[in-house]
Amino acid sequence: EPEVTQTPSHQVTQMGQEVILRCVPISNHLYFYWYRQILGQKVEFLVSFYNNEISEKSEIFDDQFSVERPDGSNFTLKIRSTKLEDSAMYFCASQGLAGNEQFFGPGTRLTVL
Amino acid sequence: GESVGLHLPTLSVQEGDNSIINCAYSNSASDYFIWYKQESGKGPQFIIDIRSNMDKRQGQRVTVLLNKTVKHLSLQIAATQPGDSAVYFCAEIAGANSKLTFGKGITLSVRP
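Which chain is which? The protein sequence lines are A and B, in order. The first sequence begins at 225 in our numbering and counts up one residue at a time. The second sequence begins at 1232 in our numbering and counts up one residue at a time.
You may find that some hints are simply not true.
[Claimed, not checked] In silico DMTMM-like cross-links for lysine to aspartate or glutamate, where the CA-CA straight-line distance does not exceed 20 Å:
#1 Lys1273(B) x Asp286(A)
#2 Lys302(A) x Glu325(A)
#3 Lys266(A) x Asp1248(B)
#4 Lys1287(B) x Glu268(A)
[Said to hold, decoys possible] Cβ-Cβ distance ranges computed for the label pairs, FRET-style:
#5 Asn275(A) x Arg1282(B): 24 to 30 Å
#6 Ser1257(B) x Ser290(A): 30 to 36 Å
#7 Arg1342(B) x Ser290(A): 26 to 32 Å
#8 Ser1271(B) x Ser297(A): 26 to 32 Å
#9 Leu308(A) x Met1285(B): 41 to 47 Å
Derived from the structure by calculation, the hints contain no laboratory data. Note that the Cβ used here is the ideal one computed from N, Cα and C, for glycine as well.
Chain A on its own, in the form it takes in the complex (with noise of 0.2 Å):
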């Protein structure tokens, strides 16, 4: 069964640093989400991602965030100056034409030091 995969799945980086989240979503889908859930809380929306061009984003995605989706494959979540409140889980969900069930991968868990 085809799924959502992110690397790495854990990623340790000093406060001030850039990290880059990659996800391979599913090959046919069109639609693309980026969702964090810091410890103990729920998912929250970070951005959504259609036709190369980000469709909807949240408070939390300011301008020290990107997305990309640089070849047919990987959809990237880049946090340019990571700060210690960036620290939590990132999921990637895909979406297919039909219906509207994203599929999450199984996260990256992101500490700022």
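Fit chain B to the known structure of chain A by using the hints.
Frame of chain A; chain B shown alone:
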């Protein structure tokens, strides 16, 4: 503001019993509701969904009920099994291909 929330933070049930997890939402414009299950160390996994023009939908051992009058969503799990132990989230969507707005998770713990 708009929010989706859960009434109880934890639920403990006996194996074999039925479980009911409740959720309240406040965005009357939402037209699609989903229940997700999240096991430790994993991403949310789709369980069942329901459109706003329905009041009940059944899956395998799970039933989702929607009461738009009181903006209430519930997930019923029949014959709860140890493998059902997880955190459950309700989520809503307003508009096709739009973002998911999640509620606070509730932990379901199944006693053997």
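Going down the list of hints, with the structure as the test:
Between Lys1273(B) and Asp286(A) the alpha-carbon distance is near 26 Å, which puts this suggested pair outside the 20 Å criterion. Between Lys302(A) and Glu325(A) the alpha-carbon distance is near 25 Å, which puts this suggested pair outside the 20 Å criterion. Note on Lys266(A) and Asp1248(B): the hinted pairing is violated, with a Cα-Cα distance of about 27 Å set against a maximum of 20 Å. A hinted pair counts as satisfied when its Cα atoms are at most 20 Å apart, and Lys1287(B) with Glu268(A) does not qualify at roughly 27 Å.
Between Asn275(A) and Arg1282(B) the CB atoms are about 25 Å apart, so this pair conforms to the stated range of 24 to 30 Å. Range check, Ser1257(B) to Ser290(A): Cβ separation about 31 Å, and the 30 to 36 Å hint holds. Look at Arg1342(B) against Ser290(A): about 46 Å separates their beta carbons, and that is not inside 26 to 32 Å. Between Ser1271(B) and Ser297(A) the Cβ separation comes to about 28 Å, which falls inside the hinted range of 26 to 32 Å.
Here the CB-CB span from Leu308(A) to Met1285(B) is close to 44 Å, well matched to the stated 41 to 47 Å.
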